[in-house]
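Student: Residues per chain, in single letters:
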Amino acid sequence: MKRKDDAVVGAGDNAISRTELLAVSAAAGGGILLAGAGGALASPSKAHASPAQGPKRKMIGALGYGTCPCVQIIQVGFKNAAELVGWDYQGILAPEVDQNAENLNRTYQQAIAAKPAAIGGGMWFPTAAQQAKRAIQQGIYFIAVNTPDNAFVSANHITFVGQDLYQGGVLAGTLLAEQLVKNGKKTGLILTGNVSPGSVPIEERYRGIKDGTAAFNKKNGTQFTNEQFPDQSADLARSLPIYKAKLAQVGSKLVALANTSTQTSIANYKIAQELKWKPGQIVMGGFDTDPVINQAIRQGYHLFTLDQQFFSQGFFALMLAWQKLARSLNPPAVFDTGNAVVNKSNIKAIDARDNAIRSLAKRYGIKM
Amino acid sequence: MAASEATVDRALTRRVPTQNAIARQLGITGVALGLFAFFSIFAVHFFAAGNILDVGRLVAFTTIVGVGMTFLFIAGEFDISVGSQYALATIFMGLLVAEHGVGPWTAAVLVVSAGTVIGLCNGLLTTFLGIPSFIVTLGMFSLLKGAALVLSGAFPITFPVELESSFFSVASGTVLGIPAQVIWMVVILVLGGFVLRYTRFGYHVYATGGNVQAALANGIPTTRIKIYCFMMTGAACGLIGALQAGWLKTVSPTTGSGFELQVIGAVIIGGVALFGGEGSVYGTFIGAVILGMLVNGIVLLGVDGNYTQIFIGLIIIIAAALDVLIRGEGRLASLLGVSADRVLTRRRARHVRVGSPHGVDKEVQQDH
Chain A
819 MKRKDDAVVG
829 AGDNAISRTE
839 LLAVSAAAGG
849 GILLAGAGGA
859 LASPSKAHAS
869 PAQGPKRKMI
879 GALGYGTCPC
889 VQIIQVGFKN
899 AAELVGWDYQ
909 GILAPEVDQN
919 AENLNRTYQQ
929 AIAAKPAAIG
939 GGMWFPTAAQ
949 QAKRAIQQGI
959 YFIAVNTPDN
969 AFVSANHITF
979 VGQDLYQGGV
989 LAGTLLAEQL
999 VKNGKKTGLI
1009 LTGNVSPGSV
1019 PIEERYRGIK
1029 DGTAAFNKKN
1039 GTQFTNEQFP
1049 DQSADLARSL
1059 PIYKAKLAQV
1069 GSKLVALANT
1079 STQTSIANYK
1089 IAQELKWKPG
1099 QIVMGGFDTD
1109 PVINQAIRQG
1119 YHLFTLDQQF
1129 FSQGFFALML
1139 AWQKLARSLN
1149 PPAVFDTGNA
1159 VVNKSNIKAI
1169 DARDNAIRSL
1179 AKRYGIKM
Chain B
1404 MAASEATVDR
1414 ALTRRVPTQN
1424 AIARQLGITG
1434 VALGLFAFFS
1444 IFAVHFFAAG
1454 NILDVGRLVA
1464 FTTIVGVGMT
1474 FLFIAGEFDI
1484 SVGSQYALAT
1494 IFMGLLVAEH
1504 GVGPWTAAVL
1514 VVSAGTVIGL
1524 CNGLLTTFLG
1534 IPSFIVTLGM
1544 FSLLKGAALV
1554 LSGAFPITFP
1564 VELESSFFSV
1574 ASGTVLGIPA
1584 QVIWMVVILV
1594 LGGFVLRYTR
1604 FGYHVYATGG
1614 NVQAALANGI
1624 PTTRIKIYCF
1634 MMTGAACGLI
1644 GALQAGWLKT
1654 VSPTTGSGFE
1664 LQVIGAVIIG
1674 GVALFGGEGS
1684 VYGTFIGAVI
1694 LGMLVNGIVL
1704 LGVDGNYTQI
1714 FIGLIIIIAA
1724 ALDVLIRGEG
1734 RLASLLGVSA
1744 DRVLTRRRAR
1754 HVRVGSPHGV
1764 DKEVQQDH
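So the sequences go chain by chain: A and B.
Start counting the first sequence at 819; every next residue gets the next number (our numbering).
Start counting the second sequence at 1404; every next residue gets the next number (our numbering).
Quick caveat, the hints were computed from the structure, so don't treat them as lab data.
Among these hints, one or two may not hold up.
To be verified - Example chain B residues on the side facing chain A (calculated, C-beta under 10 Å, incomplete): (1) 1461; (2) 1464; (3) 1555; (4) 1556; (5) 1560; (6) 1657; (7) 1658; (8) 1661; (9) 1700; (10) 1702.
Keep in mind that this is a model prediction, so the values were computed, not measured.
Heads up, the beta-carbon is just placed ideally off N, CA and C, and yes, glycines get one too.
Take the sequences, apply the hints, and build the full model.
Tutor: This is how it looks when you write it as structure tokens:
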């Protein structure tokens, strides 16, 4: 299986490889930064749209899930791109902890009512497609951010900017199984906590983990199994006793914890500390970077995390909308922000990057 | 005037458990013992000291806030913002310790004080402005949750790894193998039970919720009593916020998601009257234990964790039905021949036979 820098993780013919993505990102980012530098030097506090940039427009991020740290980083990306091209950006979030179709729908409705030029929307629940359709019917340019509704985006030629969730799961399952074999294991349970049952990205990642594990078993003659359970990891104090009960129930079968969200990843780290596991005793890995997850990687509790590069999701969503509306340049069907493998070898670079994003966030008044 | 005296008498006699209250507490204790026996037989690992202590830890925070909520319910009010208060308390603690370098002990005192002030606000808005507590605390639910998100930027906050404090042992250590959270719960239970059962304040709480007019007529400062109950609930939320932060050393604004339902569920299952005047701290504790055993036992049985919510919902409905049945109200009571009217008729007949009509009236008043 090709992976890391060369894996093709996008969907269908329009997918781009991670190497291409990095090249495109570097070129786009560098070009944008150079283009923006002049304006920034002339007016460091406020960028103005030049004739080449087209008229000033507004883009709204209908991002629903306001309690997820990822959304704040996506917003920094949006803001940064908006500043560079002289657009306005507004984020509409839902403050509820529970991520559900209703509160996501509400953010879409509010976004459409504001009649922006473009909307970047997370499609965490299938109902988002109806709202996206409404936006398009009203002449609003729509880009799917972070999570797509695959059937809807392909049927309506919508651009998706984000991680290939399923392939990320496949990669996570494979990496965990590889490490287990290195540790001398051939059988055992790979357990996955689920912070939000029914949520598309969580379920897609788990589907990928299961398929990745099954494919690895077939190829290598191993017999690893998968199981998922609701871990209530949004509330750690409640989640840890649930984890302890679950671990008691599965007993010695447990060989790995695969996580599918930031919250579950943090809960896995905390349960490892709570049970005084040695780093690496139970193989752990999954998704997203975060100060706590990064710490777990530095300490060796988490073998890896797959970084979907949230900043790029906001940044490129706005840049692609700007390209389309200001220059009539059609964006690709999928702009994959990757499943970059973060582990002990590159965690320092990730920390430095996160610090840079934090500085930008501070400038935009986004608390991180 | 005679009627007024009767209602005063009725309100004040709530302090002494009525036959109904005793029957309800026995019933709910029976349910708890039945569940305990069931899970001990069928769920491997359930009947183990470590697991029982884990159940204790699972219910500790619910019970601590449940004690405050019991006072509030008995006084005829309630607070649905406890989950948000808990979230804000953890974030406040995290910010003070991790970002402002405040010592954990000082921060804990400040957090409990802040919780008390939030309770004071709830109490003042409810009593002085006359806004129903449901509406006030619904508003606070959103306001405080939003504040937790804004203050944290939706990101978890982690204490510095090198930070050490005796507060961490008090929040997360063990005494003779018993987790600190369980010890805190027992202390609060004993204290709350004593205050409610044996002090003038507890007497006034029952009187306020039993019949506020009658209590006022007897010179009981019902407004102040209600405010104190709100403050106790707020302080309890502050306390668990500080304890959670000291235990996990990581705080998140998603903490307390659905916590209000756990607390209110425990109080209702525990037999505290929805409209005030009746209930006990013991009942709330048993209610919390039932919920905790369900969560833990279902996981240990290996049943899909999503079933937990179904069982919790069923138990709440059964507890409420039991409450109505014991009161002799509703169609079920009529069908079973235990409706209040029939009981009254039977008692009248009995007392007529022994020639004590006054005793009939007194007994009926106390039972309702």
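Student: With reference to the structure, classify each hint as holding or not holding.
Tutor: Structure-based check of each hint:
1. 1461: Status holds, d = 4 Å.
2. 1464: holds (6 Å)
3. 1555: holds (7 Å)
4. 1556: holds (3 Å)
5. 1560: holds (9 Å)
6. 1657: Since chain A brings a Cβ to about 4 Å from residue 1657(B), closer than 10 Å, the hint holds.
7. 1658: holds (5 Å)
8. 1661: holds (8 Å)
9. 1700: holds (8 Å)
10. 1702: holds (4 Å)
Hint violations for this structure: none, all hints satisfied.
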